[in-house]
Amino acid sequence: MTARGRNWWVIPPVLFGLFFLLPLVGLAWFAITDGDVAAELGSSTTWDALRLSLLTATFTLVLAVVLGTPLAYLLAASEAGWARLTATLLDLPLVLPPVVSGIALLTVFGRRGYLGDPLAEAGVTLSFTTAAVVLAQLFVAAPYYVRAAYAGFSAMDPRFEGVAYTLGLSRWRTFRSVTLPLVWPALAGGAVLCWARALGELGATLLFAGSLPGRTQTMPLAILSAFESNAGLAGAVSIAVILVGFALVLMVLLHRLSTPGGAYR
Amino acid sequence: MPTLRPRVVGFIFLVATAILGSGCRDDTAIRVFAASSLQDVLPAILDSYAETDDGVTFEVQYGGSQALATQIELGAEADLFLYANPQQVERLTTQDLVSAQRPLVTNSLVVVLRSGAPIETFADLGRPGLRIAIGAPEVPVGALTQRLLAALDPALAAAIRANVVTEDPNVRVALSRVDLGEADAAFVYRTDAATVSDLAILDLPVAVAPNQYVGAVLRDADPDAAVLLDFIAGPVAAPIWRSAGFAVPGTP
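Protein chains in written order, with the working numbering: chain A, 272 to 536; chain B, -19 to 232.
Warning: the hint list may mix true and false statements.
[To be verified] Some but not every residue of chain A turned toward chain B, in silico, with C-beta under 8 Å:
#1 Leu312
#2 Ser314
#3 Leu377
#4 Gly381
#5 Arg383
#6 Leu477
#7 Ser496
#8 Ala497
[Unchecked claim] Computed far set for chain B versus chain A, every beta-carbon distance over 12 Å:
#9 Gln46
#10 Thr50
#11 Asp133
#12 Val145
#13 Val176
[Stated by the list, open to error] Which residues of chain A face chain B? A few of them, derived with a C-beta cut under 10 Å, are:
#14 Arg355
#15 Gly387
#16 Thr487
By construction, these hints were calculated from the structure, which means they are not laboratory data. Quick reminder that beta carbons are idealized off the backbone N, C-alpha and C, glycines included.
Looking at chain A on its own, in the form it has when it is part of the complex (with noise of 0.2 Å):
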């Protein structure tokens, strides 16, 4: 009696987890029973689409561990007034409604931008390529991996490295041996959310860098397109299904690669 009183607990969880599955076993079942998973499969617009995702949400993901992690590092290092409000400005990204965002590197990068001239000059165009696709993922998906190795950082003792540095260990080397292996989970959860919100990303992109197919349109824009069309729901959930089944099975590579020794014993 008094454990199953105890465990009452459990049934909210319970029900919030289902919330979470349950749309996701709708969405599988709509597009089982009323779409077309098998015609999306072989079409050569949705293997474009889902190529170019996959590429460019991991060409994100990089640049923005190789450029974030020394941000992250740097602010969480500094006690200074700056570093704070630097660390909420790269929060902002992640408020701004993703059409807002497209809108706003326009303002910088477009062709009436204030960079627009002296990159025309450079011979540089961004807007309807596959580089302001990536550029647009960087901007909405990369704030979640500084956020994630920043937190990491600043929870970090300085000690440890100070104890390092008297034992003659090169920065690097410190680096490497003693902050990297403290602060793992964080950098490695960070980036799984980034590449996710990367891959995920709709409004930016379509602002920024249009929606052809083979060079900007990612899978969230073909989900759009279909939707639009005579296909409808119908053909949109089938994209979607795609799309989800790929997502699934490279956050579980990912969790694994992410979790020394394994998450999953």
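Given the coordinates of chain A, assemble chain B onto it according to the supplied hints.
For chain B alone, kept in the frame of chain A given last:
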């Protein structure tokens, strides 16, 4: 960048009005489902009808013709359905959900130009290096653009296709490319072009069948719905349609 800001505000307003769609139920109102491309013209026509019939109220819901047809199929209650793309909603008639329908107006394709774009004639659209926005082939405006390209001289059509930088999922997005200065030209409906004041417009060199709008009185509709449809298709509404860029059959 002085020219961008009012447009940004305008764009955000457009997005906001698209989101704030629904109203509350009113049992005596005539319930109208209308294609979203009618959003800029229908309120004026309904106001004009209200002057002839004191006390009449409307409840209008805008959306993609396809989405609205699906809602009606799934049991949404409406009296009048004004839609684009007759072939898309044929299944409403076959399911006996429509009691009467009549063609209303047409909307044609035009090319809008960015101010300062190096384009004088339609043939200039094929000049290498230009950036052109069109609708995705899945959406009505994109399908119409594909029909136009197929009717053009093949060499010009290929040159124009090579300049296409984006196939947008929505005609208003394609229009915004030119409005924001990112694209040099965009293929949009004349009515969309009419919503932006200072854009240069190129007419088409060949005739393609325009997009046809149809009004349908739905099964078990309020009897006033048929009267309203007659008004919408009638002589009082015609100038309102025309000022928004629609073509009214039987008039110049």
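Here is how each hint holds up against the structure:
Interface restraint check for leucine 312(A): the shortest CB-CB distance to chain B comes to about 18 Å, outside 8 Å, so the restraint is violated. The interface hint given for serine 314(A) is broken, as the beta carbon of that residue sits about 12 Å from the closest beta carbon of chain B, more than 8 Å. Using the Cβ-Cβ criterion of 8 Å, the hint placing leucine 377(A) at the interface with chain B is satisfied: the shortest such distance is roughly 6 Å. A distance limit of 8 Å between C-beta atoms decides the matter here; for glycine 381(A) the minimum to chain B is near 6 Å, and the interface restraint holds.
The interface hint given for arginine 383(A) holds, since its Cβ lies 4 Å from the closest Cβ of chain B, which is under the 8 Å cut-off. Hint status for leucine 477(A): holds, given a least beta-carbon distance of 7 Å to chain B, under 8 Å. For serine 496(A), the shortest C-beta to C-beta distance to chain B is roughly 4 Å, which falls under 8 Å, so the interface hint holds. Below 8 Å, beta-carbon pairs count as interface contacts, and alanine 497(A) has one with chain B at about 6 Å; its hint therefore holds.
Its beta-carbon lying about 5 Å from the closest one in chain A, glutamine 46(B) breaks the requirement of being farther than 12 Å from that chain. The claim that threonine 50(B) lies off the interface is violated: its Cβ sits roughly 7 Å from the closest Cβ of chain A, which falls inside the 12 Å cut-off. Residue placement check: aspartate 133(B) keeps its beta carbon more than 12 Å from all beta carbons of chain A (closest about 23 Å). Not every beta carbon of chain A lies more than 12 Å from that of valine 145(B), the smallest distance being close to 4 Å; the non-interface claim is violated.
The claim that valine 176(B) is not at the interface with chain A holds, since no C-beta of that chain comes within 12 Å of its own (minimum 15 Å). At its closest, the beta carbon of arginine 355(A) sits 30 Å from a beta carbon of chain B; the interface hint therefore is violated under the 10 Å criterion. Restraint check, glycine 387(A) versus chain B: the minimum CB separation of about 9 Å is within 10 Å; hint holds. For threonine 487(A), the shortest C-beta to C-beta distance to chain B is roughly 7 Å, which falls under 10 Å, so the interface hint holds.
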